[in-house]
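From first to last, the protein sequence lines stand for chains Y and V.
Position one of the first sequence corresponds to residue 1 (the working numbering), numbered consecutively onward.
Position one of the second sequence corresponds to residue 544 (the working numbering), numbered consecutively onward.
Hint data in this document are derived by calculation from the structure and do not stem from the laboratory.
It is possible that part of the hints are untrue.
To be verified - Below are the SDA-like pairs computed for lysine to any residue, each with C-alpha atoms no more than 25 Å apart in a straight line:
| hint | chain 1 | residue 1 | chain 2 | residue 2 |
| --- | --- | --- | --- | --- |
| 1 | Y | K348 | Y | A377 |
| 2 | V | K600 | V | D569 |
| 3 | Y | K33 | V | P619 |
| 4 | V | K600 | Y | R11 |
| 5 | V | K600 | Y | L55 |
| 6 | V | K586 | Y | P37 |
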Amino acid sequence: MLRRIYRCVLRLHPPGFRRRFGDEILSIFDHTKGKLPAFQLLMDSVLSLIRQWVLRPGFWNVSVSAPAPQSALDGVPSFCTLNPFRPRAAAVVPGLILSMAVFSLTCVAIKYSWIRVLHVRIPEVQFEASRWIPPSATPSGFSGRIPGPVAENQAITPHIPNVPAQIPEAASRAASAPRTPLPVAARAQKDGALQPSASAQSKAHQSKAQEIGRSSTETDPQAAAAQSLTTTTPPALDELSSLDAAARHRVIDGAIAIVTKYYVDADVAQKMAIAIREHERNGDDNGATDGSTFAALLTRQMRDVSHDKYVAMIYSTVTTHEHSPAPTAEEVARYRKEMEKNNCTFEKITILPHNIGYLKFNSFPDASICGSTAAAAMARLNHVDAIIFDLRDNPGGYSNMVAVIAAYLFDRPTHLNDFYDRGENSREESWTLPPVPGNRLADKPAFVLTSSTTFSAAEGFSYDLKMLKRATLVGETTSGRGHMGAEHRIDDHFTIHVPGTRVINPISRTNWEGTGVEPDVKVKAASALRAAIDLAEAKLQRK
Amino acid sequence: MEDGLHSFLPLSPATLHILLSLAGEDLHGYGIMQEVARQSEGKYRLGPGTLYDNLQKLIQREWVEKLGRRAGDEDPRRRYYRLTLAGRRVLEAEIARLAEVVREARSRLQIARPAAKPRRA
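Put together the whole structure using the sequences plus the hints.
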């Protein structure tokens, strides 16, 4: 064993020395008896190794007898190498095994490395090249999920599913948001918790399209949901509709079937089903002979047992059709135009004193439309020492934008959350995109400003960063919308909105539904910016 | 030429012992190590690393030449080394220098001896 080590050390000597004296030195070792002298020789060879490489560079390649230059046989110049060593044939096999092992290890390292060395990403191209997927795979409101590395190999072909399914809820909230309902929203098959599409649909039916987003009550999800019920049917048309017991029974059957299949919580779904059936048997519905009254009644009955203000029965006097699987090109173009007009709701991008970046954006718009705007905003803040995300007026939107913006805060793709779809019984993972080349924000302190109206995807962004301990949340407890709903058609006039998808954070194993996201530093929303700036400055001073 | 030789003096202990061991007869590396140990009565032991590092230097200076195998040797890997004329001259110069040092030292020590006694008032 000792001899083998001694031989290895000898082999590590410079070639000139090794060739001249290697055999002789080994012969001395072989003549040495006893373990201690052998060990002393080993130490001597280690010292010699260092001496030869460090102090004797002039002897590294000195050969005993320089090989005569090979003459060309036919006048063609030939090359000779300094080291004419040729491995023996048997050495080829271990060499091959070693090469394969190194190759395999390199491949594994590339695959699992945090820094995707082989991944070259051009954000603009990537966003434009994203593909459409059916909305059925994408509960919106907090929509457009990006499959994580587990779902797809995003290191090779990252993509952002492009599903403009609704008006960003900023439209109904922020002053800077679009003032007119978009057809995209009217066509949306699935909507967010705020039910903007239900609202937009009903309003579109009316001759006078109302502006959305101006009323302060619309900032309240409860009020918005209620509005979707009260404005579904103009009174004049209401009088024409009449429901008998059989018709009500059919609607209840449909509602029960959908609720029990899609509602996020199977037990609560069962309770709702039993409750509305019970009320029907008791004759509680007999007075509801018009559609809107019956829809409101069923909504109340379901909410009484579920305590879920986002369950809603919606009645429309005009025939509702099955939704088309994807928005038309025209709808997308309009959405794009609207977003361009509003700078994708990125309201303020600035650098505050002490090099603190401040980004206020009033929705999470579809990354396939607004990805380049987001990239430009983040690029502008790339050299800041701390960053503040202002989500106080952000009512959420698309999770693909959550993944885009969150990517700047990590140096590796990071698991944000999972989406559990009860109807599909499927679970999809949402990850941040791979690190943006040249990004410098991954290790900078981050702060998120929240308010009681921070909603849906904006809550998700806050919650995920809080769970990952990547940002300090400053402000108020958020709205508490951690489920995503979808509308399901019962018949030509009745649809039902059912929260069917639950966000599951991989760290907490739960979400913020009903409770909201608790900030780390609780202050009034109006004071949140000042508080965050103070915190950031204090943190930067400590560095 | 003499000036050239003197520029290498004094020799390092390893070089001196190696040249000295080869002054009598041609030896292989292991033989040199044993001879050095014998000359110094075991007080100075050369490891192979130091030995061959010095031999490399001595060969380059042409004070020692490498001979090759010797028929009938028990280990065919052994190579013998011989002191060249230049090497012998260097060794002689070093020995002369040392002799001078010894002579000087002896004379000094003899002079110094009475003075070393403590004086009494």
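Verification of the supplied hints:
The straight-line distance between the Cα atoms of K348 (chain Y) and A377 (chain Y) is roughly 9 Å, inside the 25 Å bound, and the hint therefore holds. Proposed proximity of K600 (chain V) and D569 (chain V) is supported: the alpha carbons are some 18 Å apart, at most 25 Å. Of the supplied pair hints, the one linking K33 (chain Y) and P619 (chain V) holds, its CA atoms being roughly 19 Å apart against a limit of 25 Å. Proximity of K600 (chain V) to R11 (chain Y) is assessed by CA-CA distance (about 20 Å); at most 25 Å being required, the pair is judged to hold.
Our distance criterion of 25 Å between C-alpha atoms is met by K600 (chain V) and L55 (chain Y), whose separation comes to about 12 Å. Note on K586 (chain V) and P37 (chain Y): the hinted pairing holds, with a Cα-Cα distance of about 16 Å set against a maximum of 25 Å.
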